[in-house]
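If you're matching them up, the sequences are chains R and L in order.
For what it's worth, the numbering used here labels the leading residue of the first sequence as 29, then goes sequentially.
For what it's worth, the numbering used here labels the leading residue of the second sequence as 22, then goes sequentially.
Treat the hints as calculated values from the structure; they're not laboratory data.
Every residue gets a Cβ at the ideal spot worked out from N, C-alpha and C, and that includes glycine.
Where hints are given, some of them may not hold.
[Stated by the list, open to error] So the derived label-pair ranges between C-beta atoms look like this:
hint, chain 1, residue 1, chain 2, residue 2, range
1, L, Leu156, R, Asp359, 46 to 52 Å
2, R, Met383, L, Pro118, 28 to 34 Å
3, L, Arg72, R, Val412, 43 to 49 Å
4, R, Glu431, L, Arg72, 23 to 29 Å
5, L, Leu262, R, Gly502, 37 to 43 Å
6, R, Ser655, L, Phe26, 17 to 23 Å
[Stated by the list, open to error] The calculated lysine to aspartate or glutamate pairs, modelled on EDC-like cross-linking and capped at a C-alpha distance of 16 Å, are:
hint, chain 1, residue 1, chain 2, residue 2
7, R, Lys712, L, Glu296
8, L, Lys180, L, Glu205
9, L, Lys233, R, Glu588
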Amino acid sequence: MKDFSAWLSDMLVERGMSQKTLAQLTGVTGAAVTGWVNGRSEPRYEKIAAIAAALGVEVEDAVSRRTPVAPSGDVKWIFRVAPEDGGREGGNTATFAFSPSLEVLAREATQNSLDEQLPGSEPVVARHTLHELTGHHLRDFMDALGWESIEEHINAAADVRQKVGRVLRDGLQELERTQRLILLRVDDFNATGLTGPEFDDGRFARVVRRTLDSGKAGAQGGSFGLGKAALWAASRFGLVLVNSTLSEPEGGRTERRMAGRLELPWHTLDGVEYAGPGWFGTAAPGRQNTAQSWWGEKRAAESLYLERNDSAPGTSFLVVGAYDGSGETEDLEDMHDRLVKSLARNFWASMVGGMQEGAKLRASVAAFRNGEPVKTEEVIDPHVHEPARSRAVQAFLDGDTVEELTDRNQVLQTTVPLELRRRKDDMTSEDPGVHEAVLLLTPSGEDEQPDCIAYMRATRMVVKYKRVGDLPLGHRPFQAVLLAGAATRSLAPDAVAAEQFLRTAEPPDHNDWLGTEDLTATYERGARQKIMDFKKTAEQKVREVLRGQQDEASQDEGPEVLRDLLRLDPPKVTRSQGFPIVKAIEGAIDDTGAWDVTVTVKLPKRDEPWVLAAVPRFLTRSAGPLSVGWSKLFPLDGCALTPHGNLAFRDGATQGKFRGITDASSHPVSAAMSQVMVDVRRAKEELS
Amino acid sequence: MRTVFPYQVLSGDVTLRVEKLSVDNRPIRLERINDRAQVVALQDLEETNERWTEVRLRVSVSADGAELSSGPWKVPQCVAVVTNRRTNVYHAFPLHPQDEGTWVGDVELRREEHVGRSQLTASIVATVEDVEGRLIGASDAAWDVDFEAKVPAPERSMKMRWIDFAEHDHLKEYRDDPWLVDSEAGEPVLLLNSSVDGLRGVLENASTVEQKLVREIMASQVASEAWSAMFNAAVYACDVLDGEPQWPGGWHEDVLRKMIPDLYPDLSPEDALIELVEARTEGENGSDLQRRIMHGSGVQSRKPRKLTTALRDLRRMANKREIA
Numbered sequence: 029m030k031d032f033s034a035w036l037s038d039m040l041v042e043r044g045m046s047q048k049t050l051a052q053l054t055g056v057t058g059a060a061v062t063g064w065v066n067g068r069s070e071p072r073y074e075k076i077a078a079i080a081a082a083l084g085v086e087v088e089d090a091v092s093r094r095t096p097v098a099p100s101g102d103v104k105w106i107f108r109v110a111p112e113d114g115g116r117e118g119g120n121t122a123t124f125a126f127s128p129s130l131e132v133l134a135r136e137a138t139q140n141s142l143d144e145q146l147p148g149s150e151p152v153v154a155r156h157t158l159h160e161l162t163g164h165h166l167r168d169f170m171d172a173l174g175w176e177s178i179e180e181h182i183n184a185a186a187d188v189r190q191k192v193g194r195v196l197r198d199g200l201q202e203l204e205r206t207q208r209l210i211l212l213r214v215d216d217f218n219a220t221g222l223t224g225p226e227f228d229d230g231r232f233a234r235v236v237r238r239t240l241d242s243g244k245a246g247a248q249g250g251s252f253g254l255g256k257a258a259l260w261a262a263s264r265f266g267l268v269l270v271n272s273t274l275s276e277p278e279g280g281r282t283e284r285r286m287a288g289r290l291e292l293p294w295h296t297l298d299g300v301e302y303a304g305p306g307w308f309g310t311a312a313p314g315r316q317n318t319a320q321s322w323w324g325e326k327r328a329a330e331s332l333y334l335e336r337n338d339s340a341p342g343t344s345f346l347v348v349g350a351y352d353g354s355g356e357t358e359d360l361e362d363m364h365d366r367l368v369k370s371l372a373r374n375f376w377a378s379m380v381g382g383m384q385e386g387a388k389l390r391a392s393v394a395a396f397r398n399g400e401p402v403k404t405e406e407v408i409d410p411h412v413h414e415p416a417r418s419r420a421v422q423a424f425l426d427g428d429t430v431e432e433l434t435d436r437n438q439v440l441q442t443t444v445p446l447e448l449r450r451r452k453d454d455m456t457s458e459d460p461g462v463h464e465a466v467l468l469l470t471p472s473g474e475d476e477q478p479d480c481i482a483y484m485r486a487t488r489m490v491v492k493y494k495r496v497g498d499l500p501l502g503h504r505p506f507q508a509v510l511l512a513g514a515a516t517r518s519l520a521p522d523a524v525a526a527e528q529f530l531r532t533a534e535p536p537d538h539n540d541w542l543g544t545e546d547l548t549a550t551y552e553r554g555a556r557q558k559i560m561d562f563k564k565t566a567e568q569k570v571r572e573v574l575r576g577q578q579d580e581a582s583q584d585e586g587p588e589v590l591r592d593l594l595r596l597d598p599p600k601v602t603r604s605q606g607f608p609i610v611k612a613i614e615g616a617i618d619d620t621g622a623w624d625v626t627v628t629v630k631l632p633k634r635d636e637p638w639v640l641a642a643v644p645r646f647l648t649r650s651a652g653p654l655s656v657g658w659s660k661l662f663p664l665d666g667c668a669l670t671p672h673g674n675l676a677f678r679d680g681a682t683q684g685k686f687r688g689i690t691d692a693s694s695h696p697v698s699a700a701m702s703q704v705m706v707d708v709r710r711a712k713e714e715l716s
Numbered sequence: 022m023r024t025v026f027p028y029q030v031l032s033g034d035v036t037l038r039v040e041k042l043s044v045d046n047r048p049i050r051l052e053r054i055n056d057r058a059q060v061v062a063l064q065d066l067e068e069t070n071e072r073w074t075e076v077r078l079r080v081s082v083s084a085d086g087a088e089l090s091s092g093p094w095k096v097p098q099c100v101a102v103v104t105n106r107r108t109n110v111y112h113a114f115p116l117h118p119q120d121e122g123t124w125v126g127d128v129e130l131r132r133e134e135h136v137g138r139s140q141l142t143a144s145i146v147a148t149v150e151d152v153e154g155r156l157i158g159a160s161d162a163a164w165d166v167d168f169e170a171k172v173p174a175p176e177r178s179m180k181m182r183w184i185d186f187a188e189h190d191h192l193k194e195y196r197d198d199p200w201l202v203d204s205e206a207g208e209p210v211l212l213l214n215s216s217v218d219g220l221r222g223v224l225e226n227a228s229t230v231e232q233k234l235v236r237e238i239m240a241s242q243v244a245s246e247a248w249s250a251m252f253n254a255a256v257y258a259c260d261v262l263d264g265e266p267q268w269p270g271g272w273h274e275d276v277l278r279k280m281i282p283d284l285y286p287d288l289s290p291e292d293a294l295i296e297l298v299e300a301r302t303e304g305e306n307g308s309d310l311q312r313r314i315m316h317g318s319g320v321q322s323r324k325p326r327k328l329t330t331a332l333r334d335l336r337r338m339a340n341k342r343e344i345a
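Required output: the full structure, derived from the provided sequences and hints.
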């Protein structure tokens, strides 16, 4: 806890109150106040209450020496004035690294949440909530947001000659035209929250103040600090609000640390040049023209759609004017489905839990229109979206894998070696040796995309899906998962080293393992090759597993050259037929117990007319079909009856139709117990 | 086959799948099951001994559950049916209902009841209009349970065996023949005479251009003769019932169906069968049929192409020699 003296002096600066005024308000001498401020003495409890009243804060704030809650009236937008050197920035560079689709947003934001998981705690809960606002819901929100004071800035920055400007202009016009705004709330729980001081290094400062700095280390996914930029990029206005519950108190508080940041390019307004970005907060005492985060009231958080419905630590981001930058959808339901799809596709493995290790993530998506649920909260079940792959990871986490597959639901486990390299800054150490990554393989169902390997490490986010080529013919479709580094559940040095090695091999989008510049700069020669070898070996391993005993089996079945010429299996492609066939038959049994059927015949084209004998036949189980007779035969379409009771089809006709009624006396069994077909044979009848 | 039932049947697909396999209670690798080709290969199982007694297949059947529950059918049940042509076995195994429209169960094959290949199908029966046990749906294509294949490949070739004709009494009189087709034991086998010096070497390990040329011509020749022999045997296997020729089933039918489109390109298979059997029984001098068989065997053994290629290679070799 802070010293009382430190708290008091901060509060006096914050309130712009002199020691003398405080002495008057609390009824003590100036010397007494000086003593409190210098830390020479501490006030008694009654005086503490008086001090709290004088400063306009709660008694509890003074007792616990915590930062008071800021009233909503104190919160405002403050924009950074352009630097004296006249330098201009065309918007936050980090946001350009992305194509700001919702898929990317969900992947990046969730990856960040996984990285901030509280050690040893429950799985991270990632909730995504879409709100569509119109009418008074929209007006109320805009009021709480202070839209009036930022609209003119956005307008001024919406210079259509720049990419960012066009997006802003588009956003303003869209809002004007539709009077509708979409908010996307991204919450995480059981994560660290935005801890740390306002301006120095810490999670808060990295997310809200800085652009390309993640400060991440070790097994975490994002090492480029781009993830948070995806949030800003998903807003038409570059506008994101934050509410965080901290895992470690800051200023004596943990709940409702709130802030906002608007990411605009350089602009001028009323003759003043602005650098671009603006912050939503209270004026920072002692700093000119700077906003700081504030500790908010419940009501204020609610009016900004930022109130968290759980006290677990973590952060809520509110993307104001959320849109899918790919331009493929504007629809709320569609956006919901896209988020679900992206989360399932990238994080199914993180969401799987087993007996030996639990899930790392629980993700859900919900959508509301003016507070009314449109899609109720859907907790994503990895087993529904990726059944085969999830089964593989679950079997691994249950310790329930096999060496040979004898059942479709089994999961085969084997290893893939990754040769490690030494770090350049640690060349004196021993050869780091070989890491044994885990390869899982399981038969897949009717998946859209079979025969793929999914690469992953610590967080079990899918780094990449790779289709395995060059597979044995007629192999069983499968899904494979390659768990490397910490994902192997090994705590051995090789797993730790592999985790770092692979992380360094990931490009900014974390979507592959490659010879990145970072990799060649960090590791001794050959690192790139080892990464390539690793991926190649994984694919090779899959092929070996699938080939199994197939290779040796095809021996001693005669010379290959003859096998090929003596194939007994029926030809796959049925050639275009040179004879008439029955295309369709329908019918029923009539009152007399005879079959009354209508038959459509398909005819190949030829010059002379087809003359066909139609033969009704009853199917049998034990032998071929038995022929029966007609009592009546009626040509219906494209054909005529010949003197011999055959059907003559019109010249050049490709189709014909007739109706026939069987002769019940010729039936071997009652028609009700039969199954009937009609053969069309070439008639032995010449037409004159 | 397009047929009409006197009552409503399922229009949706009925899918039969072999889920897993065990022999004498020992689970067998999934590689022995080929879903796409619908084949289970059971020869020379590593996991078990030669004298196994029982194969158990776990099978599942799925139909359109929604259609099934909305139709006029009562008490739908599902059976898996195993048949073997050689032993004339016909066994039905009732399966257990799981969810709506799916059934699961075990099919047991006793060793002494199955030879060669057995067929596995599934039928769904129900009470329709108060008649019990009516067929309302069946799996589209049968699964083959092949006791004489190691790999569940969709392709099947005629059996071949290298033997020394001189060492077998019944082949002694043919000891100088390089190959023969023997279909005495029910299924045709191409016997290759291993005592013919160099035959095996050329057919299996041709290395020089000349050897390869001979191999291709010879293979085409062997295959052509084999197809003719099989086709003739198949024609004689056709019974005539009430004046109508019947498909013979088994490999005979496979051979007929495979070759008939080349023998009678403008006849439907049924018409062609009538024509064939007539030619056999009445068959003036048989020359028309023999000509057609020769043509069909040539197509199967790719004789025209193999010959043209060989002649072209021969010319090239001659040219080369001249230049040298």
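Broken hints, by number: Of the numbered hints, all hold.
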